[in-house]
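Take a look at the letters that make up each chain.
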Amino acid sequence: MDIIVCAKQVLDVAEIKIHPETKEPILSGVPRKISDIDKNAVEEAIKIKDKVGGKVTVITVGMPEAVENIKELLAMGADEGIVVKTQSQDYDVVSKLLMKAVEKLGTYDLILCGEASIDQFSGQMGPRIAGLLKIPQITYVKKLEVEKEKIRADRDTGDTIVTMESSYPVLITVTKEINEPRLPSLMQILAASNKPIQEWEGEELIKKVEDKTVIHKVTGITSERKNRIYQEENLEDSIEKVVDDLFKDGVVG
Amino acid sequence: MRNMIVVYSDDKKLMLELLAKGRELADGLNKTLVGLSIGKSTSEREQDLIYYGADQVVSTGEDQDYVKAEEYSEILIKIINELSAEIVIIGNTKNGKEIAARTAGDMDTGCITDCSKLYLNENNEMMAERIVYGGNAVAVQSLTSSPKIYTMIPRVTDALPKDEQRKGEIIKKEVTPAVSPSKIIKVQEKKVEGANIEDAKIIIACGRGVKKKEDISLIKELADFLHGETIGCSRPISADLNWLSEDHWVGLSGHKVKPHIYVAVGISGQIQHLAGMRGSDVIVAFNKDPEAPIFKAADYGVVGDLYQALPLFIQKIKQKMG
Numbered sequence: 668m669d670i671i672v673c674a675k676q677v678l679d680v681a682e683i684k685i686h687p688e689t690k691e692p693i694l695s696g697v698p699r700k701i702s703d704i705d706k707n708a709v710e711e712a713i714k715i716k717d718k719v720g721g722k723v724t725v726i727t728v729g730m731p732e733a734v735e736n737i738k739e740l741l742a743m744g745a746d747e748g749i750v751v752k753t754q755s756q757d758y759d760v761v762s763k764l765l766m767k768a769v770e771k772l773g774t775y776d777l778i779l780c781g782e783a784s785i786d787q788f789s790g791q792m793g794p795r796i797a798g799l800l801k802i803p804q805i806t807y808v809k810k811l812e813v814e815k816e817k818i819r820a821d822r823d824t825g826d827t828i829v830t831m832e833s834s835y836p837v838l839i840t841v842t843k844e845i846n847e848p849r850l851p852s853l854m855q856i857l858a859a860s861n862k863p864i865q866e867w868e869g870e871e872l873i874k875k876v877e878d879k880t881v882i883h884k885v886t887g888i889t890s891e892r893k894n895r896i897y898q899e900e901n902l903e904d905s906i907e908k909v910v911d912d913l914f915k916d917g918v919v920g
Numbered sequence: 048m049r050n051m052i053v054v055y056s057d058d059k060k061l062m063l064e065l066l067a068k069g070r071e072l073a074d075g076l077n078k079t080l081v082g083l084s085i086g087k088s089t090s091e092r093e094q095d096l097i098y099y100g101a102d103q104v105v106s107t108g109e110d111q112d113y114v115k116a117e118e119y120s121e122i123l124i125k126i127i128n129e130l131s132a133e134i135v136i137i138g139n140t141k142n143g144k145e146i147a148a149r150t151a152g153d154m155d156t157g158c159i160t161d162c163s164k165l166y167l168n169e170n171n172e173m174m175a176e177r178i179v180y181g182g183n184a185v186a187v188q189s190l191t192s193s194p195k196i197y198t199m200i201p202r203v204t205d206a207l208p209k210d211e212q213r214k215g216e217i218i219k220k221e222v223t224p225a226v227s228p229s230k231i232i233k234v235q236e237k238k239v240e241g242a243n244i245e246d247a248k249i250i251i252a253c254g255r256g257v258k259k260k261e262d263i264s265l266i267k268e269l270a271d272f273l274h275g276e277t278i279g280c281s282r283p284i285s286a287d288l289n290w291l292s293e294d295h296w297v298g299l300s301g302h303k304v305k306p307h308i309y310v311a312v313g314i315s316g317q318i319q320h321l322a323g324m325r326g327s328d329v330i331v332a333f334n335k336d337p338e339a340p341i342f343k344a345a346d347y348g349v350v351g352d353l354y355q356a357l358p359l360f361i362q363k364i365k366q367k368m369g
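Here the protein sequences line up with chains A and B, keeping their order. As numbered in this note's numbering, residues 668 to 920 make up the first sequence, in order. As numbered in this note's numbering, residues 48 to 369 make up the second sequence, in order.
Simulated from the structure, these hints should not be mistaken for laboratory data. Quick caveat: nothing in here was measured; it's all calculated off a predicted structure. Careful, some of the hints might be misleading.
To be verified - Restricting the straight-line Cα-Cα distance to at most 20 Å, the calculated cross-link-like pairs of lysine-lysine (PhoX-like) are:
#  : chain 1 : residue 1 : chain 2 : residue 2
1  : A       : K809      : B       : K343
2  : A       : K801      : B       : K125
3  : A       : K810      : B       : K305
4  : A       : K817      : B       : K233
5  : B       : K305      : A       : K893
6  : B       : K233      : A       : K810
7  : B       : K343      : A       : K690
8  : A       : K908      : A       : K752
9  : B       : K220      : B       : K125
10 : B       : K365      : A       : K915
11 : A       : K771      : A       : K908
12 : A       : K716      : A       : K815
13 : B       : K238      : B       : K87
14 : A       : K801      : B       : K230
15 : B       : K87       : B       : K59
16 : A       : K908      : B       : K363
17 : B       : K59       : B       : K209
18 : B       : K238      : A       : K809
19 : B       : K164      : A       : K817
20 : A       : K915      : B       : K363
21 : A       : K915      : B       : K367
22 : A       : K884      : B       : K305
23 : A       : K908      : B       : K305
24 : B       : K164      : B       : K60
25 : A       : K810      : B       : K335
26 : B       : K59       : A       : K908
27 : B       : K237      : A       : K815
28 : B       : K335      : A       : K908
29 : B       : K343      : A       : K684
30 : A       : K801      : A       : K716
31 : A       : K908      : B       : K230
32 : B       : K238      : A       : K893
33 : B       : K59       : B       : K305
34 : B       : K237      : A       : K809
35 : A       : K810      : B       : K209
36 : A       : K801      : A       : K718
37 : B       : K233      : A       : K809
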């Protein structure tokens, strides 16, 4: 089975600080990584490959440095990586580049994506690519069963679990709950350095790209909190103090 | 001239909120508001969409109960094209989001999901706000292409009062989408305990610090004692372990809450959880790890094991109250 996983290189959101004066998020120097839920997609792809055989290709659209992040996915067990280089982060542009990259690869049975990226969390990429390729999509999947002619998926819509089936090709977006991504061993990391990574220029796939979303302003969310921490040697003393303060401040009582 | 605003949601309550938002924008832009009904519908229900603010209702009357993205998206595209709609607002449910994004991809246009605000700026241009960077920031965005597609989260606005004097046209349209190769095999309603967590004034919430399902009784005990209406939880307790139903889940992809008092017990405070509860007036945290990020988001933070701390906490409050 030919499986393609779309993985995004994102800013590690847990490391973002807010500038105290401008209130803007400070993005320079924030480390980049593969978006968490995309790793679940890679893990699922490897599990399927282990079961039915085939090939796992990982595509990322972004900056040239993404090559470093892709290596981790190859160490997990993906066979090949493709980095499509562009400066744009626009959903419309990136989804078209992914679609073009998929078409350039040619054959595929299954495309896996994370339900959303941890930085933007917009959940657009999977459905957009499926729409562009005119193939069925099954989103928010927390359980996947692969058979020869069809795939069966449980999608979590919040208040219902919908079991769906589809023939191939199909695009699936997965949630965090579907599996626990493996941590590659040192041996796997070393072995992965021999696996191929291709770098493609975005302009070669699409001549002219045009962002459709304009970002006017990004303001950090800061909350002024009292941050009173109670850490006495004896827990009972901590509780005594916090209860005193809660009464004094009129929170309880 | 693109003159229409179309709103659609598979969630009935959210649909009324979309009509209220759509009405506000339609009045501001001098456009016509169309409420779209896809799937099984009744004439009463269609009439209601007029009473709640629509100028027109388009009903496709497809004989489908559950949403398949490919087919719904195809219906939506046909309607958008026929009406030559300029603005499309879809309810931000899981189904709504996947339909919106697929439609945008197919129509080669821009889309903004999870909008927490939608408004016209001083030049009467549509602006949208959404949370980005895992809850760290709010971005103001706009779209340059047409149609402009947005998904709006619940509770951005209240539904308009029902006005049975409102008049409007109900148009039936037969749209038969191509049959998708995907099939719905089974739909299971999740067991929902009916926790209306978004309205709660006092919430006691638990996370992975709770070691087993039965121990949630400790959290319930504190909630009862403090007259909390319901208990909350972080993602793993609901989505992973299923110890509490989804209506208890507080976070970026769960529910966003704004109680007077939020007590976080054994919750480490991942940024996605904080995004769901940072609007609380007062935040109290219990955690055994002094480095847990929840303490940076809390007003009062007690470092200690919840199994010892909670009973002591209840006992001390009782003593204080005499």
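*Could you check the structure against the hints above and give me the numbers of any it violates, in ascending order?*
Violated hints (numbers, rising): 1, 3, 8, 11, 13, 19, 22, 23, 25, 26, 27, 30, 31, 32, 33, 35 and 36; every other hint is consistent with the structure.
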